[in-house]
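Visitor: Line by line, the protein sequences are chains A and B. Here our numbering is used: the first residue of the first sequence is 3, the next is one more, and so on. Here our numbering is used: the first residue of the second sequence is 5, the next is one more, and so on.
Think of the hints as simulated: they come from the structure by calculation, not from any bench. There could be a bad hint or two in this list.
Facing chain A, according to a computed beta carbon distance under 10 Å, are these residues of chain B, among others [as the list claims (entries may be wrong)]:
1. ALA127
2. THR128
3. LYS129
4. SER130
5. ARG131
6. PRO132
7. SER171
8. THR173
9. ASP187
10. LYS190
11. LEU191
12. GLY193
13. ASN195
14. ASP197
15. VAL201
Listed next, the in silico BS3-like pairs over lysine-lysine satisfying Cα-Cα at most 25 Å (straight line) [said to hold, decoys possible]:
16. A/LYS121 to B/LYS129
17. A/LYS79 to A/LYS135
18. B/LYS129 to A/LYS157
19. A/LYS135 to B/LYS172
20. B/LYS172 to A/LYS136
Where a beta carbon is used, it is the ideal one built from N, C-alpha and C, also for glycine.
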Amino acid sequence: MTTDTVTPAGTGTPVLHASGVTMRFGGLTAVRNVELTVNSGEIVGLIGPNGAGKTTFFNCLTGLYIPTEGTVSYKGKVLPHRSHLVTQAGIARTFQNIRLFANMTVLENVLVGRHTRTKEGLWSALLRGPGFKKAERESEARAMELLEFTGLAAKRDHLARNLPYGEQRKLEIARALASEPGLLLLDEPTAGMNPQETRATEELVFAIRDQGIAVLVIEHDMRFIFNLCDRVACLVQGEKLVEGTAEVVQGDERVVAAYLGTPFEDAPGAEEVAEVEAAEAHATDRAPGPDSTTGATGTTSTTGPEGDPK
Amino acid sequence: MNDLPQQLANGLLLGALYGLIAIGYTMVYGIVQLINFAHGEIFMIGGFGALTAYLWLPAGTSLLFALPLMILMAMACSVLVAMGAERFAYRPLRGAPRLAPLITAIGLSIALQQAIWAFYPDATKSRPFPEFEGGRIDLGAFAIGRGDLFLVIAAPLCMIALGFFVSKTRTGRAMQATSQDPDTAKLMGINTDRIIVTAFAIGAAFAAIAAIAHGVKYGEVNFKMGFIAGLKAFTAAVLGGIGNIYGAMIGGLVLGLAEALATAYIENIPGMSQLGGGAWKDVWAFVLLILVLLLRPQGLLGQRVADRA
Numbered sequence: 003m004t005t006d007t008v009t010p011a012g013t014g015t016p017v018l019h020a021s022g023v024t025m026r027f028g029g030l031t032a033v034r035n036v037e038l039t040v041n042s043g044e045i046v047g048l049i050g051p052n053g054a055g056k057t058t059f060f061n062c063l064t065g066l067y068i069p070t071e072g073t074v075s076y077k078g079k080v081l082p083h084r085s086h087l088v089t090q091a092g093i094a095r096t097f098q099n100i101r102l103f104a105n106m107t108v109l110e111n112v113l114v115g116r117h118t119r120t121k122e123g124l125w126s127a128l129l130r131g132p133g134f135k136k137a138e139r140e141s142e143a144r145a146m147e148l149l150e151f152t153g154l155a156a157k158r159d160h161l162a163r164n165l166p167y168g169e170q171r172k173l174e175i176a177r178a179l180a181s182e183p184g185l186l187l188l189d190e191p192t193a194g195m196n197p198q199e200t201r202a203t204e205e206l207v208f209a210i211r212d213q214g215i216a217v218l219v220i221e222h223d224m225r226f227i228f229n230l231c232d233r234v235a236c237l238v239q240g241e242k243l244v245e246g247t248a249e250v251v252q253g254d255e256r257v258v259a260a261y262l263g264t265p266f267e268d269a270p271g272a273e274e275v276a277e278v279e280a281a282e283a284h285a286t287d288r289a290p291g292p293d294s295t296t297g298a299t300g301t302t303s304t305t306g307p308e309g310d311p312k
Numbered sequence: 005m006n007d008l009p010q011q012l013a014n015g016l017l018l019g020a021l022y023g024l025i026a027i028g029y030t031m032v033y034g035i036v037q038l039i040n041f042a043h044g045e046i047f048m049i050g051g052f053g054a055l056t057a058y059l060w061l062p063a064g065t066s067l068l069f070a071l072p073l074m075i076l077m078a079m080a081c082s083v084l085v086a087m088g089a090e091r092f093a094y095r096p097l098r099g100a101p102r103l104a105p106l107i108t109a110i111g112l113s114i115a116l117q118q119a120i121w122a123f124y125p126d127a128t129k130s131r132p133f134p135e136f137e138g139g140r141i142d143l144g145a146f147a148i149g150r151g152d153l154f155l156v157i158a159a160p161l162c163m164i165a166l167g168f169f170v171s172k173t174r175t176g177r178a179m180q181a182t183s184q185d186p187d188t189a190k191l192m193g194i195n196t197d198r199i200i201v202t203a204f205a206i207g208a209a210f211a212a213i214a215a216i217a218h219g220v221k222y223g224e225v226n227f228k229m230g231f232i233a234g235l236k237a238f239t240a241a242v243l244g245g246i247g248n249i250y251g252a253m254i255g256g257l258v259l260g261l262a263e264a265l266a267t268a269y270i271e272n273i274p275g276m277s278q279l280g281g282g283a284w285k286d287v288w289a290f291v292l293l294i295l296v297l298l299l300r301p302q303g304l305l306g307q308r309v310a311d312r313a
């Protein structure tokens with residue numbers, strides 16, 4: 003497995019290190035012995051067919067699940083299995099299915115995100131001392147900055163449930179950033195978005211990275227992933243198959259096989275992969291049906307990968 | 005006889021009392037979807053706490069001077085019992101099927117009642133509660149009891165403080181977030197266990213205030229008083245839309261008004277003279293509940309239609 007690991011030059015120290023993470027539900031092993039490192043200043047992609055265990059892995063990282071085996075450490079410290087402590091440590095995330103606080107306003111959602119970074123005594127709140135008002139103002143100012151950053155400032159007083167879909171996604175990101183994380187986990191941030199929105203999200207993720215926040219992103223949109231990520235890991239049936247730069251992963255026959263469900267008997271060259279992709283692109287041009295590059299064919303990938311990296 | 009203003013005043017006072025207790029039901033339900041049937045006993049224990057504090061003071065102490073100590077003691081007793089119940093009875097059952105904590109709550113309710121009956125001196129019968137001296141206060145169109153003044157001042161203050169707390173403070177926002185989606189709230193760095201304890205504690209503190217109001221209004225406390233008061237307050241919470249704190253206040257007031265008006269006027273309706281008066285007030289309260297559940301099951305201010313216990 004380690005032979006596949008590529009750490010591009012110019013990246014910093016490890017922010018997240020998952021070591022030997024295994025998650026079993028009864029007899030089912032959803033995630034098997036996954037090793038993953040995210041360095042500061044990096045955007046790392048996590049791809050894989052549906053049901054490969056990507057979201058389960060995210061849940062292990064954020065303390066929603068307690069991994070059966072393995073540890074997750076953030077900046078060298080092993081994380082406790084309590085979600086609120088994970089957030090406090092500096093990991094924030096968004097969800098595959100939007101999970102905003104629907105009956106709170108946009109601003110309130112972001113303020114809730116700031117929970118771990120603000121303090122308040124019961125008495126200071128009840129007495130509304132000057133310290134309380136100052137802390138409230140600062141918190142609100144910071145929340146407004148984030149809303150400006152994501153372009154939602156004008157909608158601060160709208161209820162979250164009334165926002166259009168794309169903006170709900172943005173609000174989730176703003177809320178996650180509010181906890182001042184060192185690492186942001188994005189679970190399919192562009193699901194259901196049109197190409198313009200996807201591109202805008204791409205810009206947003208770059209801007210987040212430029213603020214010094216490392217990003218780990220799950221996505222099915224390969225164009226998005228390969229544009230964005232310094233490094234990509236592919237998860238298939240709970241195991242990490244490949245990890246490397248976009249080119250390496252794109253060219254790996256096992257990844258292609260996992261996505262297309264076609265085992266390549268003869269090791270194919272890059273040309274063949276390109277051919278397949280060209281054919282797909284052609285197919286999507288003609289019919290806006292299922293786009294095979296977005297993993298819609300994931301359900302057919304029951305054929306096991308040939309080469310197990312372990 | 006035009007005593008409508010008087011009946012309205014009686015109803016509002018009673019309703020404010022129900023509303024204060026109902027807060028405890030609705031906050032706990034809003035966050036952990038548990039109907040804490042022991043809440044009536046939390047209220048009753050607050051009453052005995054206040055009485056204990058009063059008896060500590062030298063005989064003949066003016067009730068007005070004793071009141072701050074009584075409030076503190078009542079709150080301390082109620083909050084401690086509620087937090088203990090949460091920690092040792094409900095928390096181990098979190099994640100269990102919803103019937104388990106519900107039955108635990110009923111058992112706890114009986115246990116607390118019997119504990120006071122058995123261990124509090126002379127609690128096998130009603131204990132007299134100190135009352136304010138002087139007669140009723142005449143306000144022109146209607147008169148209120150001197151003890152009711154406590155409720156008139158305390159209930160609005162408590163409600164305003166709670167409204168502010170929930171909507172404007174960090175902990176209040178965390179509480180709203182937890183009630184909407186506990187898992188996501190955890191991932192926002194909110195310690196949901198602490199939020200749940202806070203909800204129990206606030207409900208208990210409000211019940212303690214209500215217990216003192218109840219004591220000075222009726223001049224006695226007894227170990228059974230939590231049962232019917234709790235049932236009425238629960239009705240108020242459901243009436244207003246359980247899980248909604250403003251609903252609890254409104255539900256309490258509506259229920260109090262309905263009871264007062266039914267008691268006073270039902271007997272004037274031809275053919276229903278048998279069904280009026282104090283003996284039937286509980287019946288009319290629950291008839292109102294049934295009507296609301298039939299016509300507007302989510303309660304007056306409620307939004308959630310699904311999953312009501």
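Visitor: Hint by hint, note whether the structure agrees.
Guide: For each hint, the structure was consulted:
no.: 1; hint: ALA127; result: 33 Å, violated
no.: 2; hint: THR128; result: 38 Å, violated
no.: 3; hint: LYS129; result: 39 Å, violated
no.: 4; hint: SER130; result: 35 Å, violated
no.: 5; hint: ARG131; result: 32 Å, violated
no.: 6; hint: PRO132; result: 34 Å, violated
no.: 7; hint: SER171; result: 9 Å, holds
no.: 8; hint: THR173; result: 4 Å, holds
no.: 9; hint: ASP187; result: 6 Å, holds
no.: 10; hint: LYS190; result: 4 Å, holds
no.: 11; hint: LEU191; result: 5 Å, holds
no.: 12; hint: GLY193; result: 3 Å, holds
no.: 13; hint: ASN195; result: 5 Å, holds
no.: 14; hint: ASP197; result: 9 Å, holds
no.: 15; hint: VAL201; result: 13 Å, violated
no.: 16; hint: A/LYS121 to B/LYS129; result: 48 Å, violated
no.: 17; hint: A/LYS79 to A/LYS135; result: 35 Å, violated
no.: 18; hint: B/LYS129 to A/LYS157; result: 60 Å, violated
no.: 19; hint: A/LYS135 to B/LYS172; result: 11 Å, holds
no.: 20; hint: B/LYS172 to A/LYS136; result: 13 Å, holds
Violated hints, listed in ascending order, are 1, 2, 3, 4, 5, 6, 15, 16, 17, 18; each of the other numbered hints is respected by the structure.
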